[in-house]
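S.K.: Sequence:
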Amino acid sequence: MVDRRLLEVVHRELDGGRYGVLSTVVDEQGSSPRSRGASMWVRPDGSIEGTVGGGLLEHETIREALALLDSGGGSKLFSKALDASQAGEEGMVCGGSVRVYLEVLGQDDELLVFGGGHVGRALAQAAAFAGFAVTVWDDREEFANPERIPWGRTVALPLEEFARELSTHGRTYAVVATRGHALDGEALALLDGRPAAYVGMIGSRSKIAAVRAALLARGVSQAHLDRVRQPVGLPIKAETPEEIALSVMAEVVAVRRGADLESLRRGW
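Residue 1 in the UniProt record's numbering is what sits at position 1 of the sequence shown, and the numbering runs on without skipping anything.
It should be emphasised that the hints constitute simulated quantities derived from the structure, not laboratory data. It should be emphasised that the depicted structure is a prediction, and the values quoted were computed from it without experimental measurement. Check the hints yourself; a few may be wrong.
[Stated by the list, open to error] Distance ranges between label pairs, derived from CB positions:
(1) 101 <-> 5: 16 to 24 Å
(2) 75 <-> 258: 17 to 25 Å
(3) 262 <-> 141: 37 to 45 Å
(4) 263 <-> 237: 13 to 21 Å
For glycine and all other residues, C-beta sits at the position ideal for the given N, C-alpha and C.
Work out the full structure, taking the sequences as your base and the hints as a guide.
M.R.: Put into structure tokens, the structure is as follows:
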């Protein structure tokens, strides 16, 4: 049985918008360092809670878990034979084999919205209806709260504090729609070097060009700026916040499903 204290850690981190891999020993043959049900939580940075037995088994479990995260999530079962040269926890010498089940938790398709204004709110609603987990950040609590945006998680913190707790992954779709150029730039900058399936910014071509130039001068990578969708959304001549959200989510879903965006754009 999975340790209750470990489950509490996992639930707390999932509730906080984090993700990781729950690794559980599901079968054992012969002598092994831990029995069936021994579990370990592996975070994206390789840190852990719990144990599957230490030693080489634990090292390989962490490696397999991180590889699973890099591949986009899901689950897998892997087997490991343990011989007398592979000590587990407390130097235990083993001569059996184990099977470990790995499952990514918290790495669902996620829309991450910077800005809880009219467009951000409409995006959250549209994304939730499309089956995305939703996180909306704004530094103003009156714009990021469960009463105003009931379709997902809201975060009302200074951006630098949010940056310290933010975890993204290969199924994160990020849209920047804050109240001003400077804040848009800060939000884009903190995404530099972080994994994401999609990064887009709401705004005119001139606004986006100005933000890009400022970020390049600050040392934000060209590769990151090149992945920012501009103009964001499919060209449906959207005007209202709800129409803009529809346009953006149509593009997000197209990316999610692997559609040919150029063909879609030519078809409009």
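S.K.: Confirm or reject each hint.
M.R.: Verification of the hints:
1. Between residue 101 and residue 5 the CB atoms are about 20 Å apart, so this pair conforms to the stated range of 16 to 24 Å.
2. Taking the beta carbon of each, residue 75 and residue 258 are about 21 Å apart, inside 17 to 25 Å as hinted.
3. The supplied range of 37 to 45 Å is met by residue 262 and residue 141, whose beta-carbon atoms lie about 41 Å from each other.
4. Distance hint for residue 263 and residue 237: a CB-CB separation of about 19 Å, consistent with the stated range 13 to 21 Å.
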